[in-house]
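Student: Protein chains in written order, with my numbering: chain A, 1 to 976; chain B, 1 to 87.
In case anyone wonders, no lab produced these hints; they're calculated from the structure. In this text, a Cβ means the ideal position worked out from N, Cα and C, and glycines have one as well. Honestly, I wouldn't trust all of these hints.
[Stated by the list, open to error] If you anchor each label on the Cβ, the simulated ranges turn out as follows:
| # | chain 1 | residue 1 | chain 2 | residue 2 | range |
| --- | --- | --- | --- | --- | --- |
| 1 | A | T685 | B | D13 | 27 to 37 Å |
| 2 | B | D13 | A | P767 | 33 to 43 Å |
| 3 | B | G21 | A | P419 | 25 to 35 Å |
| 4 | B | T44 | A | R941 | 37 to 47 Å |
[As the list claims (entries may be wrong)] Just so you have them, the derived chain B footprint on chain A, three or more residues with Cβ under 8 Å:
| # | stretch |
| --- | --- |
| 5 | 697-709 |
| 6 | 862-875 |
What follows is each chain in one-letter form.
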Amino acid sequence: MPHKYRLPQGGKIDRQKPIKFTFNGVTIEGCQGDTIASALLANGIRITGRSFKYHRPRGIVTAGIEEPGTFVEVMGEGRSTTVPATMVHVQPEMQVKSINCWPNPKYDLAQLLQVFSPLLPSGFYYKTFFQPEWKVFEPFIRKMAGLAKIPQDDTPLQSYDSTDTHCEFLIVGGGISGIIATVMTAQTGKRVIWVDNLQNQHGGFPIASADKIILERWLQALRDQLKGFANVRILKQALAWGYREQNLVLVNQNREEVNDVLLWRIRARQVLLANGCTERGLVFPDNDRPGIMLASGVMKYCQHYAVTPGERIILYTNNNSIRILAETLMGQGKEISAIIDTREDTGQDYRGLPPTIKILTGYEITKVIGWNSVRGLIASSLSGDDSIRLSCDLLAVSGGWNPNLQLWMQSGGAYAFSPETATFVPTTSLQEVIALGMCAGYFNPKENLCETRKRVSELIENLGLKSESLELPQLNMSEKPYRIQSYWQPSSTNIGSKSFVDILNDVTLEDIKLALREGYDDIELVKRYTTLGMGLDQGKTGNVNATGIVATLSGKPMDDVGLIKYRSPVSPIPFGTVGKPEGKFIKPYRTTPITNWNRKNGAVLYEAGANWKRPGYYLLQNETMAEAINREARAVRNGLAIYDGSPLGTFEIKGRDAAKFLDMIYTNRIGDIPKGTGRYGLMLTEEGFILDDGVCFCMAENWYQVSVSTGNADQVHLHLEKCLRYDFSHLEVSVTNLTLQWMNATVCGPLARDFLQEFSLDIDLSPEKFPFMGIRDGVFNGMPVRIARVSFTGELSFEINVHTRYLKQLWERLISKGNKYGITPIGSETNHVLRVEKGFLSLGHEVDGVVDPIDLGLGWVMSKFKKDYIGKKAVALNRTSHLPRKELVGLVAQNNDIQFPEGAPIVVSKNQSIIEGHVTASVWSEINNRFVALALLNNGRSRISEIVQVRNLTGIEKGEVVAPCFYDPDGKRLRS
Amino acid sequence: MITINCPFCGPRDEREFEYCGPHRQKRPDKINEMTTSAFIDYLTVPENPEGEAKEVWWHRRGCGAWLLVVRNTRTHEIIKVSELDAT
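Next comes chain B alone, as it looks inside the complex (with noise of 0.2 Å):
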């Protein structure tokens, strides 16, 4: 169970989050124009470091707020949580 520092409640308890997957890539535009198998490298291959890896987090019983965290996978050491990019 890890502690993540909200950026606008401080550090809070793990159980107040959820976990919304690996940072990714954003939706592209003209989905229905991509090959094949770009569409299934966008679908099926996040990216999955070991090391400093890019989380998104939902403050859900919080404050709300969608966050990416960077994390190291091997010590679980948070190192960076920003607001997730609204843009």
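For reference, chain A alone in the conformation it holds in the complex (with noise of 0.2 Å):
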């Protein structure tokens, strides 16, 4: 048996079955079932990890979720970042990482940052990095304080998924509660679902040995009578992390078999929570040194994975349930040097231990000797006049014990504190919820059992269901009560030492007293300034010695302080079960029929509004991005270009008051557009912004087609409805989203109308006969057809509306035919370069929810003889102010080779921190061989030939203000 620190005997490792890894590339043997952890100190390895601010060194400190104090990488085959090294067991050839040290935990460089840290108080960066500015600071803090890094390697090893369940019980604990909670209500049979939770499955109030084989046993019946019920589900290997509104519970669940992570959202008729309970620490002068460990670590590694890390072991406690760990150490060979116990009053509950075993009762510890690791300590009598130094390699802690409140806070139930138990302890719920057992302050083991059957049958008596009685074991030794007093802090400290209060922040006891000095009183700005109860393990087993630290220092109760508030995940999740996966499942992305088209055509395709996917730009063979766009503008001005604009939102309006609400939505005037031709229109929100601009076409008497930008379709929708629904339900008006059902290729460039006469179609194309903004429908070589004669990009341009189905017919014919014109297709990309030639609007550039119609020029779509339309009144009155408005102008470098970043400040010269507008989208224009900007700026349309000054990132560059349009100003060719 290589390992130092292994008990000969016992635990539920495999001793038979050595398993090999490397920490931080030194190789380490374990056993089958050991933790990291575990097996480090099995192997007597103390300093696993450096502290987030002071990077003092750190060890294992608990067996379990709860661990403040050692996270680690684990990398290759399996990798993850910022685990606990008590959550992670050991694989054959696996490679694990301190996090946050550099080189290695031993030698860590950053340790000097210790010498320096009367200098780091909390709050510390708010009042030293603001100047000259936080991100000159940020990377090199970011590096000492960081989480393990990202791994590079991004192919997901694991694949996520989640799903949606309902049932009557949901029971969350995979401990003594929880079973027998699932039993009970397993025999109402209703459906139950039962949370095996990772939370408590190490851990919980210790349990004497001779108890604890009865209650396996027992308990292990009550698993096996489970299997035969086929109401019950049971999660394993499963963390309950959220409670939200209306009994849902998010519960994540590691699915080894199939290597994911499944998320289940649960929704219960009724919840019972077994969480269990925690452990907490005490508060001395260097509690942090590797080898002082919580009590229940203690047990846990010496019962479950047969490791005591100490030969001289001394227990330090406020309460009586160290005495245990006592005697389970005992019970394996292990000599207590000492039991130093804060109670001045400890009645019987040491009584026959002993008499090697030291007991000093009205103790404190004042001082820990050891940098690296624990070699020894002082206690001093709480009355002041005795102190005594001991030396010992291990030392246990208990501060008392939490229920675990994470989900019962959550949920919205309330809590209190209880003297008796030290602790804070659920009262009333806001949701059907109760907490059971350990959960709910009942910690020593028979009472637990009671009380939960209890409980539980009044529950289901409640409900007026039925179960079968429930016979519980005889326990034997587990009779004493749980008997605790309050002891947060010690009575004084020396300066020179640290007593933290949360290990895993660095947050001390000093900490605390600033941020009370410095006015922050309240609990949760404790936190916020101290960093308290943040972070990867959520103040598991700080948090209640804060609030117990808060009250004496301020003399509140405790309940006047009462607890930060736990919030979800209780312990971290992984993103891939909350994010979104990759645009495939939870938000499809949409496509049309010619989407593969596309993709065998070189196109790059872009997410474009409302989840498409569109052609940003075809790649020919050997062509860069901005060839490729300069090719296919060209194509537009001087040829023949074609592109798919199926995902224009498309609606419907018709009823006797079409036009009556048209007029309504719309800021100019709808009711008199002739029968067969469209309108461009704005519609506004009520307080006067830019909904959307689009057209709006007459079909007939009573009918109208409205096409909207694409990302705003569903807005647009819902905008159109709500009006109808709401304030104009008098209204007999139909809106039908049709944007799925009308596809369309657009067919632009000077010889589009050659073009187009090739075919077979019943439509005059003529500019007399159908003029721009006209609509018609007709029949195109076989397919019905409604062709508008819209342009987005400022050229002939003719948009050949089909059915669905049609489209991809059409798009081949028109190919086919189109080569010997040099047909290019387009994407997104040209469109926004033309359309910055032409000045015309982009909903997110042009658009951004301050302008208003006027300020973009757009004052000749505002009627000024409707009485009344959505904006109208909102728009005359945002402008009684008189203050400067922001006016779209066009924009040209002095520099010919100069381009503006979009979103680059317009400063005034005088002073060039004033920033008096902004370029809004900047283009190489390939028809004027230049880069033209739109932008918009103070006063601007008078300010035409101005020079101004635009601040890139190297520096300032000068601009010329010119009329917002760089080609064909009149607007011939769009009409031609």
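The task is to assemble the complex, starting from two chains supplied on their own in separate frames and drawing on the hints.
Tutor: This is how it looks when you write it as structure tokens:
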């Protein structure tokens, strides 16, 4: 047996199956069943990491999910970042690395920080690094304080999935009360889901070894009994991490057999929380030294992993649960040299222990000796008249027990301080949920059994259901009531030592005192100022102590101070389970019938608005993106081009009051649009901001077709429906979304008419018979079509709309016949260039939720004759202030080689920190052979030909203000 | 994530619905005759009660009904769901 600290027998590890893995490059041998933490402890490895802020050496503190001391990065296959060493089982060939230290935890260079630690008080970042700018310091601070690095290899090793389900009873917790509750509710015949929670599989209130055997045998029998129930679903290897409204519980299940993590969204009629409890530490000087562990951790390592990481053991406590640990360790032949108890009166708690154990009651630890590992301590009597030096290599600490209130608090349940158990226990619930067993504050195993059975049977009875009575096992030894006396902070602290309240975040007693001194007297403010209770462990071992300290220092009752709100997730979960899987399932990408054609023909697909996948541009061989866009732009301006305009939102508005309705929706007059033509229009919100711009066609009396921006189609639909249901519910109008029914191929360029005349088509395309903004129904090569003469490019343009089923056919015919015209498919990048050349608006570029139509030169679209339309009054009201307005202008750089970046600020020449506008769009214009830009500029329209200053990344560049149109300002070409 | 008991479809998940803002008064008929302060109040001062709030939800990815939902903003309890009055 090479393991120095492994016990000769016992534990649930397999000594016959050694497993070798590396820790910071050193090969370590553990056994099958070991966690990284237990294997390191068995081998006597004390320093396993460095703390976040001071880079102090840290060791393993606990044996469970609450671990605040040691986080590791697992590399290679099965990699994961920043996981507690206590939660990962060792695998052959596994490579494990400590986080937060360089070059290794034993010789960490940043440890020098400690020398400067008086300069690092809480709130230090806020106070120090804001000058000259945070970004100067940020990279260094992140490097020093960071977590594990994001793996560079981004191939996912796990897959993620999610599912929804319902049940009558949801039991969270795999311990004593969890099993009792599951068996009892199962007998009702209702649907039961049991989350065999990871949270309390480890730790939990100690149970004497003899009783543990009885209890485990009994629990195993109950587990076996459950196999007979078809109405019970058991989620193993799961973690309930979130509790939402209306009894929705979020559970992550690690399914090793299929190597994925499944997120369960479980909606339960009744939730039973049997989350167990977690031990807290004690606050004393240098309580973070490696070798100082929580008693529950030492217990678990001894009983489960057969590891006792020390030879000279001292126990430190304020409660009598430590006695069970003393007996367990002695049962394994270990010697306890002393028990230090902060209570003056320990009653019968230590009666019958061997006289070799020194019992110090009414003593506290005032000093810890040892830097990289605990070597001894000084204990002083609370009265102050005595102090003793003791040597040890393992110090097990118990500061009392806390119910795991994370889910309870998330459910909105109330809680109160219980002086008998010196902790917070659940009181009244807000939702249909009860807390059971240790989670309800019944720590003693015997009490736990009785109370759980009582509460569950009451619940079942109240719901009018039935279950058989459950016989409880007879426990022999665990009858002593749990006794504790609050001990929140040492009676005095000496300078030069640190008493940690939150070991993970390096928050000390002094930090809390400072926060209170500076006026942050609410516990939530203390949290934010000091980072107490944040991060990976969410303060599972420290938060109650923090409340105790704040209450003591401020003289408030515990209940007034309260607990820091535990937020979800209870413990870190992979982003993959809550993030959206890449466009596939939760929000599928929308494609058109020619998306595959696009893919085959070199299209680079972009995610456009409303989840559409659209071509950005089409790459030919040996072509750059810029070359492709210029080639496509030339085709539109000089020849023939085609694009798929299908994603454009299309709505049909019908009914007796359709015109009346649209006159309220649009700023301009709709009622007098002649049949067979359309009009460009603007929709505003009631607040006077632009919701959308588009075209409204009159198809026949009381029948209109509206086209809106792709990305805005859903919002416009909502707006139209809401107006109809709400403000204009007296109107007889129906709105039908035809976005997916009408698809279109848009043919544009000076050759468009000649080209279309080659097809069999029963529509006269001449400019006299089919003018700009006209719309015609007809038959095109046997396909019913609706052709609209609208133009988003500024060029002669025919938008050929067909039913979705015809689009592919239409497209392929146009392409094959268009070859002799050099027909060129174009993407959205080119469309963007062309619309900038024309000064056409784009939502999200020029329309930014601040400007109004008049700013954009669209005052002519605002009807002066209509008494009322949505947004009219607000636009007028906004303009009464007479402050300078940002108006749309064109912008060209004086230096021809310069492209202004989109978003670049335009600054006032005298004071360059004052911004008077910004560049909204900036492109290379092939037709003008130069860069052109659009901008919003204070009072811009009256400043044409003025020179303004644009701030680039490198400096100031001069630009000339011009009219916002760089091509065919009279619009002759689009009307041709 | 809440469950809304649609009068036509039964209890359905929030993901099927779209929240359409607090229930408010209907757009005044003669909005251009309103005083500025009355108009600003109408636009910018929606009720925001702690407790029972009236909300409008659209069963957009379901039956398409427009619903008036009375929900307690403190407890998330849904007290009443009815079809939005069409008059």
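Student: Determine for every hint whether it applies to the structure shown.
Tutor: Right, here's what the structure says about each hint:
no. : hint                       : verdict
1   : A/T685 / B/D13: 27 to 37 Å : holds, 29 Å
2   : B/D13 / A/P767: 33 to 43 Å : violated, 54 Å
3   : B/G21 / A/P419: 25 to 35 Å : violated, 48 Å
4   : B/T44 / A/R941: 37 to 47 Å : violated, 29 Å
5   : 697-709                    : violated (count 0)
6   : 862-875                    : holds (count 5)
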